[in-house]
Every structure is written in C-alpha cells, then in structure tokens.
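So you can see what is in the structure, the chains are spelled out below.
There are 2 protein chains.
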Amino acid sequence: MAREISDDPPHREMDMLLSAGERISAALVAMAIHDLGHNAISLTGSQAGIVTDQAHTKAKILDIRPHRVQKALDEGKVVLVAGFQGISTITNDITTLGRGGSDTTAVALAAALGAEVCEIYTDVDGVYTTDPRIVPEARKLPRISYEEMLEMAATGAKVLMLRSVEFARRYGVALHVRSSFTDAPGTWIVQEEENMEQAIVSGVTYALEEAKVTLHRVCDKPGVAARVFTALAGANINVDMIIQNVSEGGTTDISFTVADDDVLTVTSLLCGLQEELGFERLETDDNMAKVSLVGAGMKTHPGVAAKMFEVLAENDINIEMISTSSIKISCVIEKQHTEQAVKALHQAFGLEAEQIEHEETLGR
Amino acid sequence: MAREISDDPPHREMDMLLSAGERISAALVAMAIHDLGHNAISLTGSQAGIVTDQAHTKAKILDIRPHRVQKALDEGKVVLVAGFQGISTITNDITTLGRGGSDTTAVALAAALGAEVCEIYTDVDGVYTTDPRIVPEARKLPRISYEEMLEMAATGAKVLMLRSVEFARRYGVALHVRSSFTDAPGTWIVQEEENMEQAIVSGVTYALEEAKVTLHRVCDKPGVAARVFTALAGANINVDMIIQNVSEGGTTDISFTVADDDVLTVTSLLCGLQEELGFERLETDDNMAKVSLVGAGMKTHPGVAAKMFEVLAENDINIEMISTSSIKISCVIEKQHTEQAVKALHQAFGLEAEQIEHEETLGR
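Chains as they are written, first to last, in my numbering: chain A, 53 to 416; chain B, 53 to 416.
Chain A with its partners taken away, still in its complex shape (with noise of 0.2 Å):
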C-alpha cells in the first residue's frame, strides 16, 4: 500500500503502518480463544511495555515493563501480543523491529517475565542436522546449544533469525522450535550443559548467496587491509570470510567473502580508491556456495577439519575458502557443488536418521 503511495515513505509512517497488522491478528487470535471459552486479550507492543531506541522499521528493544502482561496473567487471562513492535524511548512514536522482530519480541518477553521456556511455533517442526529438501534421512534434533544454534543460524539454516537467538542465549531463555501443526516435541535450544550429549557434528549448513572478491596485488604496506575493510564497513556490507596470501614482490592478493547482492557496491567503492589502495585488478566470483559444519564436540574433537576437507576432496571439490570457529568449519566452494558436498558431509559424520536413533538406544 505504501509503494503505491510513495517510492520513499517516512519510515515512522512505515511504522505506523506496518504495525497494523499484528495488531489486527492479535485481536482476532484473542476473539478466537474467547469462544473457546477462555480468557483472551491483546495487548500492542507499547501496551506490553516493548521500549525501543527510535530507529524505525529496525528498532532494538532498550526495555521491556511487562507489568500490564503479568497483571493479565495473574488474572488468568491468555494474553496475544502485538509482535514485531514497539514504542520509541522519549518520542513515544510506534517502531517495528525489522526483520526477525516477532521471534525476538517473543523472547524478550519471556526472558522479561522469567518464563520456563519460550515457544515458537512455525512451520517447521525443528531444527534438522541438515536441510531434509537435501538429505532426505536428515534427523530432528532434540536439543542443540545456543551456540551451535548462533552458528547455524550464521552459516545458513533459516529456522531461526540470529537475532532471537542471541537475545534467548543472553538471557538464558530455552528456546523450544517446534511445529505449528502437530503436538511432536521440536528441538530444544538450551544453555550447553556438562551432562548434555555433545555430538561431534551436530549438523550441516549451507548457503548459496556467496561471492568472492580478490584484489590482485596490492602493494603490501602497514594499513591497507585496514583500510579497505573500513571502507567497507562504512558502506554497511558485511565481510565474511578474509585471506591475505602474501605474493612475491611486495605485494598480496587479498580475497574476502560478501552476500551476492553488495558485489556491484563493493566493486564500484573500491575501484574508486584503486589509486589509493593501488592494486592491479579486482576480481569477483559470485558463483560461491559456503558449506559449514557445526558441533559443540569439535572443541575437544580434533581432526574434524581435516575428515571435512577430505571428504571434499573424495568428491573432488575444491575449496576455495576456510574459516573456523570453535564450534564450526565453513569452506566456500562453486555453488553448482552444494547439494554433493552436504550430502556427502552429512553422510561422512554419521548424521542419519537409523545411526542416531541406534545410539539413542544404547544411551538408555
């Protein structure tokens, strides 16, 4: 409705539009639940106590007072809140949170009023050691640790926005994903405990909006990587993978990883301080897929990078990148590779269904 108005509206207009919605749903979910003859309200994020900064249409929650959701509460009412919304810290304006802001209204309520456990429900019943429209054995995972979780968010699996996340991990709230049309239990995403079963490999991740950029021969002198990624990060394009190879005659090759769309800003940002940078050529790939492997057990586990790039190799797949973590191995490769890589990883670290479940029986 908006673009039909405006190529540009005021994002505090957007606000006060887009916050609409969740207000209209809130309402009609606590109509609904009335006429099962129970106790229903809704309540709008400024009514739940939901204080923003006042960056619209991508505001952070500064602070929740919940005391009109706890009152509801203690008077046995179920209580539908406006998600994806706020109101502005001194301009009491209406914000929205921007993206992955419903999931994160709902854990910074729970964490707000000490909740045992915040439950989303969406569309899929959990969270999978790898994406099943790939690996059709691919297994549910009862339960999985904030930072695995944080890392397989990062590394591409789409269940669960990074933000909310991050948000339940800092306030120890247990995160329960599960499926918004069956009672099955989903996967649990809970404080790592010592007695928590720590799978080497907890699960393959994959994503294919990858592109590499290298710059040919910069003249290898103190500050130069300095300055190229602030440059970069002032245009706000995050960098995610770096190498430096150091070349001969006192020059490098740098290479970095970007999302595919920022590759035409990239390029034209710092073609534009060639001169001061002083590199040859500049070369983009955004044919790249990036492969991650993500597992608490890889900190007391060694050699799990070397199985993963040998795994590749087997199937003749050139990795083009590395990065690593603590708890996760990701490697850039040609996108057309992905579906193979993911199968044969998933494969190669005993992943499936039948090997799990067979486990799980030993373990009683």
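Careful: at least some of the hints might be erroneous.
No distinction is drawn between identical chains; accordingly, a pair holds when it is met within one copy or between any pair of copies.
[Claimed, not checked] DSS-like, lysine-lysine: derived pairs with alpha carbons at most 30 Å apart:
1. Lys123 - Lys112
2. Lys210 - Lys387
3. Lys359 - Lys210
4. Lys123 - Lys110
5. Lys129 - Lys112
6. Lys359 - Lys395
7. Lys210 - Lys112
Just so you know, the hints here were simulated from the structure itself, not pulled from any lab data.
Position chain B relative to chain A; hints supplied.
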C-alpha cells in the same frame, strides 16, 4: 473478519481490530502529503490525547489532551489524527467511539485546539433545504444554526451525525460541511446571531424508519404511562412522539412512535406487562414516516404549523401524530405519502433555488 471468527466477539477486541483502519489511512495520507513536499505525521487517537470512558465500541470522549498535536503543529507539521478512536481512562485500552465517531473526533480536537473552524469534508457539498433526490430544486444552505442542524439531524437529515453537531454546539466550534471533490464553499453551521437572516423554514426533512404503537383502553390510573415508558427506556428503546387521548369509561389510548426495528421488542415487552398495565389490546403499524419542517424563524412566526397541516390536507395526506419544538414541527404520516408531502411542503414554503436567489438579490 471478526464475524468469520466469532458471533459475539469481545468488544475490547473489536476496538483493537476496528482502530486499525483509521491508523492505516492516517499513515498512508501522511506519506502522500510528505511526497507533496510537506512535513506530515500521523497520530493514533491515544497519541492525540483522545481520552474516553471504557464503553468499548461506543465510547464517549471524556477529555482531550492534545499536547502532541499542538507540538507538531507548532513545528509546522500537517497532523493526521486517526479518528473514531481513543484510549480509555484508568484501563488504558484502545476504544472506538461508535457511530459518528470520526466527525466527533474532529470537532473535539478543534474545540481543544481552539480552532477557528472545523471543516468536515464529505460526499455531499453541504446541507440542503431538503433531499435533492426527491426535490431537484432543493437549495444548498450557506449557513444554519446549531439548533436547526440538530433538529434536521434528529428528524432525518443524514449529512451530519447529531452527536458531532451537539459537540460543536456545546463548545461553540464553527462547522463547515463541504465536498471532498470540489473547492466550492459548503454549509456553515454556527451560533445563531441576531443579524443572521432567519428563514422561517430552513428545511424539510423526512424519516422512513418510523413505527406507531398504540395501547388501547389502558386503565386511566396515575403512573400507568410512566410504567410503560420506564419499561421501554429500560430496554434502551428510543420513544419519539407520544399521544394520550382520554377515552370514555376511565380508560385511555396511548400511542407512541419508535424505530421500526424496535417493534418486536416493544410488543413482547409490553405484552409481558399487559396484566399489570391492564390494557385491552396492543396495535402496531410500521408503515409510518415522519415529515418535519425546521427553521429558527418559527419562534417568531406563528402559523407555520397551521400552514403545514393545510398543505398536507390539500394533498389528502392524513396526519397520524404531531410533535413540535420551538424551531420544528413533525407530522407522522403513512409512508407512501412521504415524497408527495416533502415536495408539497418544500414548494409551499418557498424553498426553491430561484425564489431564494431572488430574495438574496433583493437583500443586496
């Protein structure tokens, strides 16, 4: 949407739902004005300081605290207030104002802000001497007093809700009713002034939704009539005209008119009281209409009523009931004669365009 979910949705939730529409409109209009190069902001009823009672879906305005509106105006902004809604005192819930609520919001804000005039833009270009669909010669009134407008609204004129006019009168807000589609001036509704040309008759109105109820041979003892109308009031039934004509043998007939929607309720209610009231039989006729003359000049010009009866008689239209105020005369007639009566009265009291234009010419 609500009806699809529930036959009897909670009023509080209806208000949460219904308030969304005006918010969406306000935001979209603010965007449009912004695109025209002006600084515009939308405010919800709550942000605009519209404080109401807690009667959801038909709330009354208790107070206006327009400091946000005033501040935005002082900053040179165009302010779009979502009408028809407010926030309830004490409970701080979203309320809606019910029928006429949008106009009433505008009038209330104009009063609170001390505006010179409250312009109501609508789909007709003003208040006419009668319904132009019935009388093509009907004339647009340049100005009319609050009292006349109230009587016209009360007797069937649809252009403004009684409620918003009453509000304007109480706070002395000048109303200007005009068309959304032209810049032509419409009708000003203002305080009656000495120097204000007082047409003897300003307009002819009609209402078709009338029903007549008669209680035959009610035993004529004190308090019976009171009992009847207390019972009706208790059922929220609006009684318009009442006649009681003494008949022989210590009994009387009581007739009154109600909205024809209420006939069934009235019948069952009064039949339940037949023993107590001791009437012989109850008769209803929902084939009635009410035709009215409204004009501030009547106060000082006797004989208007006589002329009205005469005109109806000449047209063989039987008068069932009559009620008068200082500036209004209403006659209940059979519905089928409504159009004929309106035409004859409009003509007899010289309300056609030419003649008035002529008078105005003389006036110069």
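Here is what the structure says about each hint:
In the homo-oligomer, the alpha carbons of Lys123 and Lys112 lie at most 30 Å apart both inside one protomer (25 Å) and across protomers (26 Å), since each shortest distance falls under that limit. In the homo-oligomer, the alpha carbons of Lys210 and Lys387 lie at most 30 Å apart inside one protomer (18 Å), although the nearest pairing across protomers, at 67 Å, exceeds that limit. In this assembly of identical chains, Lys359 and Lys210 lie within 30 Å of each other by CA distance solely inside one copy; the values are 26 Å within and 81 Å between copies. For a Cα distance limit of 30 Å, the shortest separation of Lys123 from Lys110 qualifies both inside one copy, at 29 Å, and across copies, at 26 Å.
When the C-alpha separation of Lys129 and Lys112 is checked against a cutoff of 30 Å, the pair qualifies both within a copy, at 28 Å, and between copies, at 27 Å. Proximity of Lys359 and Lys395 under a CA criterion of 30 Å is satisfied intra-copy only: 15 Å inside one chain copy versus 97 Å between copies. For a Cα distance limit of 30 Å, the shortest separation of Lys210 from Lys112 inside one copy, 21 Å, qualifies, whereas the shortest one across copies, 48 Å, does not.
When the structure is compared with the earlier hints, no violation turns up for any of them.
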